[in-house]
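Engineer: Keeping their order, the protein sequence lines are chains A and B. The opening residue of the first sequence carries number 1 in our numbering; numbering runs sequentially from there. The opening residue of the second sequence carries number 1 in our numbering; numbering runs sequentially from there.
Because the hints were derived from the structure by calculation, they are not lab data. Quantities reported herein were computed from a predicted structural model and do not represent experimental measurements. We put the CB at the ideal spot given by N, CA and C, even for glycine. Mixed in with the good hints there might be a few duds.
Okay, the calculated bits of chain B under chain A, using three or more residues with CB under 8 Å as the criterion [to be verified]:
hint: 1; stretch: 83–91
hint: 2; stretch: 283–292
Here are a few chain B residues that face chain A, going by a calculated C-beta distance under 7 Å [what the hints assert, rightly or not]:
hint: 3; residue: Leu52
hint: 4; residue: Ile54
hint: 5; residue: Tyr79
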Amino acid sequence: MRKILTIAAREYRAMVGTKAFLISVTMMPVLMFGGVAAMELLKNVAEIKHQTIVVIDQSGRLFEPLRMAADSRNRFLDQSAKPPSAAERESPETDSGDNRDDDFNGFSQAERYLLERWEGDVINDVERWKLSERIRKGEVYAFVEIPPDVLDARLPTTPAEAAGLPRVRFYAEDSGFSEARTWLIAVINELVKVMRLEAAGIEVEKVQRASLPVGIRGLGLLERNSSGEIRPATEKNELIAIIVPLAVMMLMFMVIFMASQPMLESVLEEKSNRIAEVLLGSASPWQLMTGKLLGTVGGSMTILMIYLVGGWLVASYRGWTQYIPLDLVPWFLVFQVFGVLFFASIFMAVGASVTQLKEAQSMLMPVWLVMMSPMFVWLAIIRDPNGTLATWFSFFPPATPTMMPLRMSTDATIPTIQPIAGLIVLIAATVACVYIAARIFRVGLLWQGKTPRLGELLKWAFRG
Amino acid sequence: MNQYAIELSQVTKRFGQQVAVDGLDLRVPVGSIYGFIGPNGSGKTTTLRMILRIYQPDSGTVTVLGGSRGAAADDRLGYLPEERGLYKRMRVGALLNYYARLKGHYDSREYIRQWLNRLGAADWENRRIDTLSKGMAQKVQFIAAIAARPQLVILDEPFTGLDPVNMESLRDAVLHLREEGSTIIFSTHDMDMAEQLCDTIFMIYRGKKVLDGTLDSIQGRYVANRVRVRFADPETRLPEIPEIASVEMANRGFLVTLDGGTDLTRVIQKLAQQGELHHFELIRPSLHEIFVRIARPTSGELDAGLPEEALA
């Protein structure tokens with residue numbers, strides 16, 4: 001036993017005590033959640049852009065109200081750019097669901113619009129070209145042409161008439177996906193509607209009252225705790241409903257990946273540097289393998305702890321702790337341990353059967369595909385966590401360690417028997433995997449010739 | 001305790017169709033230095049691995065330090081594999097202590113330090129293995145093999161890649177180990193080193209034992225077929241007789257290679273007829289020559305019936 005612990009301790013130190021480990025521990029989340037994190041950072045760092053838009057208002061009535069709308073939008077954005085106070089954060093009731101999303105979208109980072117009235121007489125292509133040149137020089141962001149008959153209100157009766165309706169033209173380098181265009185047309189339509197109502201002698205306020213939209217809130221299910229108290233349902237945010245399971249799956253995948261790769265490298269080093277012979281002269285293959293797996297599990301738990309603690313700190317800083325499914329942590333740990341054992345033992349067997357990293361990579365191709373498979377279907381699974389695909393896929397042993405917690409971290413109720421059964425299947429598969437890996441490991445470690453084919457590997461595994 | 005550290009009896013090991021070791025018998029007395037020689041691929045390493053129980057023989061028995069069973073690693077054995085065997089990214093001190101701990105010696109710091117000092121490596125403890133030169137790494141590897149104070153030390157090619165100074169210090173280390181009571185087996189291509197160090201020499205060729213004994217006894221079994229001849233008168237010529245296979249000029253005399261099975265008395269008579277003999281010396285074959293004679297893959301004569309034909 002002491003030998004196993006000696007081996008485990010060395011393996012652990014070799015995995016955790018390196019600069020490469022530190023770098024990959026920091027780089028992994030950056031790579032995987034980099035986009036979100038970068039946006040969060042930029043929100044506080046980047047300066048706010050101002051976009052000047054020249055308005056050619058041929059109707060002569062829209063420019064002033066448009067400018068007022070732009071100003072009030074700018075003021076609103078300036079206010080919401082300030083970080084919300086603690087009181088605001090803790091009472092989601094005071095906010096509407098829409099505003100909560102702003103935190104994720106970096107909405108307050110949006111450009112401010114400065115509208116400029118075009119002072120020319122007649123608009124023609126020469127003038128349009130001049131304005132285009134100003135855009136190319138960067139003086140102006142866009143120009144917009146409001147036709148003179150924009151306030152006319154006649155319903156088209158033929159397709160030709162519909163095509164002939166007045167249209168606002170928006171010119172910009174990125175007019176195709178410009179947010180300014182979307183904003184402008186929404187505001188123009190609102191203004192035009194009000195003006196047409198007034199022109200028709202209809203009371204605007206009545207219409208507004210009549211068309212006041214009804215909101216909707218997504219809520220989770222009510223729960224009753226052991227003392228019989230019913231806990232109110234919590235508000236559900238679509239983004240949170242996706243991000244939490246995704247983060248759970250990504251974290252588990254990252255830990256498995258970061259534990260398996262060093263295992264492959266360490267076995268390869270032991271083999272190609274003939275350390276294996278020295279080790280086998282001191283410890284049995286079984287002790288050696290157990291020690292290595294133990295050290296790797298220890299290393300992976302260290303990574304997991306770093307991320308869990310880090311994640312918790314970030315969450316409590318942002319006030320998101322209520323979204324972290326704490327009750328799942330024990331399940332999560334158990335599935336993680338067996339997931340690491342399962343894949344690390346495969347990587348170990350592969351490391352023992354080849355002599356070069358290159359060969360290992362081609363041999364690991366199918367393993368990688370299986371390991372990544374949850375990544376291809378996760379969205380379908382969190383949409384329907386109790387569907388046939390989700391249920392069966394989470395019992396496929398290589399996917400169980402990531403899929404079962406993924407399903408459990410959604411809001412759906414997974415029958416308790418399923419994670420237990422999944423765990424039993426996973427344990428059985430891991431035991432079989434470790435057993436086969438051990439046999440391949442024993443023969444492979446001293447094998448110095450060409451890379452064995454699958455048939456030979458099977459022979460090693462079953463005949464020794 | 002058994003008087004033999006190692007006893008192999010009728011040991012055979014096959015890899016697929018190939019017979020790596022074929023019906024090998026070997027006895028290594030406790031406290032001796034035993035040299036394994038033999039060309040590449042002749043079965044040396046396989047034999048060493050069977051002694052280490054990394055491999056199990058297909059037939060025959062391998063008894064090491066009294067035990068003949070089990071696949072389990074033996075903590076009383078120390079092993080230096082041919083080249084490398086060290087974790088590149090570990091530090092010397094940590095690595096040596098790790099190897100000692102693996103053999104159940106949890107406090108070897110002092111012992112390891114003594115050996116580092118003895119091999120002139122006192123300040124290497126905190127260096128990483130991949131910063132060491134080949135000779136330095138070889139010394140570290142040697143200490144790794146003996147860090148757990150083994151009764152039996154197995155060294156596979158310990159002298160390859162060493163400069164003469166390092167070779168000397170490693171040779172002294174081996175002798176020191178023997179004084180401490182260890183039995184040492186090493187394999188080598190360096191015949192001079194084998195002649196200098198070994199009490200007993202063992203040669204394996206194509207999986208079979210071809211030599212086993214003290215240097216004297218081995219040399220005694222080979223007919224000396226070279227003689228040094230010097231006449232009183234340097235002008236004297238050699239007789240033209242069929243027994244002389246070839247002649248080299250050496251040191252005002254002749255180095256004469258005779259045909260196998262030559263009657264020496266007749267040769268001396270013929271020489272004496274040419275003129276007054278000043279010097280006549282039978283040169284015993286060196287281990288190097290014996291090795292080459294056995295292992296040189298010449299025409300059918302060697303292939304046909306080894307080892308009987310090589311031995312005269």
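Engineer: All the hints need checking, so say for each whether the structure fits it.
Structural biologist: So, going through the hints one by one against the coordinates:
1. With 8 residues carrying a beta carbon less than 8 Å from a beta carbon of chain A, the stretch 83–91 of chain B meets the three-residue requirement, and the given coverage holds.
2. With 0 residues carrying a beta carbon less than 8 Å from a beta carbon of chain A, the stretch 283–292 of chain B misses the three-residue requirement, and the given coverage is violated.
3. The beta carbon of B/Leu52 comes within 5 Å of a beta carbon in chain A, closer than 7 Å, and the hint placing it at the interface holds.
4. Nearest Cβ of chain A to the Cβ of B/Ile54: about 5 Å, under the 7 Å cut. The hint holds.
5. Below 7 Å, beta-carbon pairs count as interface contacts, and B/Tyr79 has one with chain A at about 4 Å; its hint therefore holds.
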